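Each protein sequence line maps, in turn, to chains A and B.
Heads up: the first sequence is residues 56 to 265, going by the working numbering.
Heads up: the second sequence is residues 868 to 1165, going by the working numbering.
The hints are simulated quantities; they were obtained by calculation from the structure and are not laboratory data.
One should not assume that every hint holds.
In silico BS3-like cross-links for lysine-lysine, where the CA-CA straight-line distance does not exceed 30 Å [unchecked claim]: (1) B:K993 <-> B:K869; (2) A:K163 <-> B:K993; (3) A:K209 <-> A:K60; (4) B:K869 <-> A:K101; (5) B:K993 <-> A:K60; (6) A:K101 <-> A:K186; (7) B:K869 <-> B:K1062; (8) B:K1062 <-> A:K163; (9) A:K186 <-> A:K163; (10) A:K209 <-> B:K1062; (11) A:K163 <-> B:K869; (12) B:K1062 <-> B:K993; (13) B:K993 <-> A:K262; (14) A:K209 <-> A:K101; (15) A:K163 <-> A:K101; (16) A:K186 <-> A:K209.
Note that this is a predicted model, so its numbers are computed, not measured.
One-letter residues, chain by chain:
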Amino acid sequence: MTTPKQLALVIDLDVCVGCHACVTSCKEWNDGGSAGPLTDRNAYGKDPTGTFFNRVQTYEVGEFPHTETVHFPKSCLHCEEPPCVPVCPTGASYKRAEDGIVLVDYDKCIGCGYCAWACPYGARELDPGEKVMKKCTLCADRVADASLPEAERKPACVMACPTSARLFGDVHDPESAVSQAIRERGGYALMPEWGTRPANRYLPRRKRTA
Amino acid sequence: MKPAWSVILLTTLIGAGQGLFLVSFLLAAFRASPGEFSVLSNEVSLGLLAAGLLASFFHLGRPGRAWRAITQWRTSWLSREVIVLPAFMALVLLFEVSGWFLAGAIAAILCVALFFCTGMVYACLKFLQEWATFLTPLNFTLLGIASGVTLSVPLATLAWPQFAGPLALGAFALSGLAWLVRGATFLRNARLRPKSTTASAIGVAHPRIAQTSQGFAGGSYNTREFFHRRPAAIVHAARWTFLVLFFPLPGWLLGWGGGSPAAFWTAFALQFAGLVAERWVFFADARHPQNLYYQAGA
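Next up, chain B with everything else stripped away, as it sits in the complex (with noise of 0.2 Å):
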């Protein structure tokens, strides 16, 4: 698949967003935060969100009728993340302002229920099957949580300071974690067979088929939607980006850093990128069927 910049920005922003509320409402629900954390947190969770929300638009052609994706949350993952979404972040705006318990409860179930949406938006593409696995929902969540608890860090040394080594020992517990889960995906997608072939795709039973026209000479949507067109080379060094930036780097510089804030948000600007990166790799790593049909220009 071509990687799309806007769902790139929307589920990295978002789950950063997600994460870092999830750890300031549960820290203040046990009552152990300050105030001034809480707060920080829940308006920074917003702006992400919100940035979020904002990059999703982009994605569409006719953006002034996005309400309309309200309407099929019986049979549509992404309808059903289109409302989860706004809901989650109303609920957020309302804790933030009224400080009702409830609602931040609420919120941390929209908030846990939007990470499974998200993912289920690409696992249920049953024939995209470097997707189709509770893998996909898992990682991001897990990529999610893990980018908010490191973001959460350097938000501490402002308004929480004496908690900010606690936060850095859970980002980097939490980040470890993401990171093997994710890598254990790259192996299992690695080892996939696609189960669809040009044989079965045409339905001609011969193990020797090529294609020597697709119909026509320019591109079409067919030829640009579905194929990222980047050399091997790129897409391994995303990866490596990845497994790289997303935990190792960070994870010396939450422990190993010295404490100091600049560390701090170095290590989330360093995970943050690398979470790009692995999105970007998720998109480009998914073979789509239809390229079957795409394999010879003219």
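Chain A with its partners taken away, still in its complex shape (with noise of 0.2 Å):
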């Protein structure tokens, strides 16, 4: 399924400092954009809950004192061969093709689920207020908007990224900042086990002596 474009997020696992701006940013344009709202539950009370296209994770490699933390950006990876698209009984779900973009069509998700259980990245969440199935857009409705400055037109989570440890382009051009990024910092996909060819690259942390 590979589409002439690719537009995809290249994240810096070297610079990452696991602020959540990302998240917080995503949450706030796209809970007011065209995939909002993203619903949220009990948001202030004692056991929250809601729909996030990201998060950023904390792990710990290595053992004490050898250790390092890494801060982990999580969100759709916008594989190539996505196996969310094809097990989708109503077509809803569908990978973009002139952009790449894994999206899913509100009006005609079912709720019923099977995406979500066919992603083996857990990156589809059901809302529990829209009773569809919500998902990283790559902010779509951002990222084509004419009306934006050129400069504007990237993800929220891009824009707010402090350490720009988030970078947004074509994969498929060779001579894109962030095919140039996976070429010399050696990106990498997630579980490549699984032949999904994720779009998303992580760039690994650099080796440093003390």
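Hints given; two lone chains; assemble the complex.
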């Protein structure tokens, strides 16, 4: 299902500081954008839960005292072979031909949850209020909006990142900044063992000598 | 995976309905059974299929749009199942009211196709290693047929008493076979090694990786949908519930229960309870790789 153009995020784990600015800016934009609302339940109560497209997780690698903290932003990877798309019984889940973004047509989704079962990464969340499946859209309503200044036609998370850990572009254009970063820094895909060919890639931490 | 009651009921109810139709149609096709048995079996089968279909709607966030699920039959096993189930029901109904052999024969083909579609809905998800095996559609088929044939025995006491004995023998043999294959599947799944690890999930090649934060303090869809949150003892108890209730007890009642309708009804009730336990374990046993990202709270 390779598309001529493939928009994607390249996330630099070497500079991500785990501040969650991408999480909150994503929630802010997409709650009110074309993907919204992203329903929360009990948001200010004891046991809050809500729908998010993007999370930042933290892992500790190694054994004390030789440990490294890795902050790990996690969102839909916009796979080139997205397992969530062919399983959808209604055609609501699709990969957009012009730019490779994997999207959900919220008017066709019946909320059966099968696509979420079919995603090994857990990138999809059923919105408890809207009763349809939600996922990262790469801010499809920003990146193609000609009324925005060109510098702002990027996903909200990329705009918000204070350390420029998030790069955005066409990974099928060999001259793009994202393609160069993948080449030069050894950008890798998550769970390559399932043949999903994620478009999003991660840049590993650099080796440092004390 | 978290077992979904709507899907447990859907797959167990339609499985029994399919098995019941299949045995009654085959007996009718060889002109062996009286009309009353055929009519009664088809009616009960339709009731089970309708109940299963109704249960499936409770799985949907937007049940009013369910008709859209018939559109993606080219790629989606779920879409194929959604098409074949009502088509099968319609042909059973047509066979029931018209008695046309051709309608029954097409229904029998759709019945087998439905077993396959239902199994493939799960077996096609290749990273759910407990499900991604030919044993999944085989188990759905064998367990469904066995429960349907077991149900045909007490029904025969109502409409074809002289044949209840041979049906009980058939139910005994088929239940034993289904029980053995499902038991072998438990053993196969117990030996599986997950292909995905935390290292491949985050792409850091190190044998020691511990998650310290999943990114939020409360729950999310990811922490609810893919974890059953039951102690291993409960899963084990459910597995043994199936192993005891599906074959040994009903098998004893079918063969040595005195041949009374009460013994046959009890045999079916126990076996169906065992089947529900089996379907619960089917979900609980499946380890979704996304769970690797949700190993630590806060």
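Hint check:
no.: 1; hint: B:K993 <-> B:K869; verdict: holds, 18 Å
no.: 2; hint: A:K163 <-> B:K993; verdict: holds, 26 Å
no.: 3; hint: A:K209 <-> A:K60; verdict: holds, 15 Å
no.: 4; hint: B:K869 <-> A:K101; verdict: holds, 23 Å
no.: 5; hint: B:K993 <-> A:K60; verdict: holds, 28 Å
no.: 6; hint: A:K101 <-> A:K186; verdict: holds, 23 Å
no.: 7; hint: B:K869 <-> B:K1062; verdict: holds, 21 Å
no.: 8; hint: B:K1062 <-> A:K163; verdict: violated, 34 Å
no.: 9; hint: A:K186 <-> A:K163; verdict: holds, 12 Å
no.: 10; hint: A:K209 <-> B:K1062; verdict: violated, 35 Å
no.: 11; hint: A:K163 <-> B:K869; verdict: holds, 25 Å
no.: 12; hint: B:K1062 <-> B:K993; verdict: holds, 11 Å
no.: 13; hint: B:K993 <-> A:K262; verdict: violated, 35 Å
no.: 14; hint: A:K209 <-> A:K101; verdict: violated, 35 Å
no.: 15; hint: A:K163 <-> A:K101; verdict: violated, 34 Å
no.: 16; hint: A:K186 <-> A:K209; verdict: holds, 28 Å
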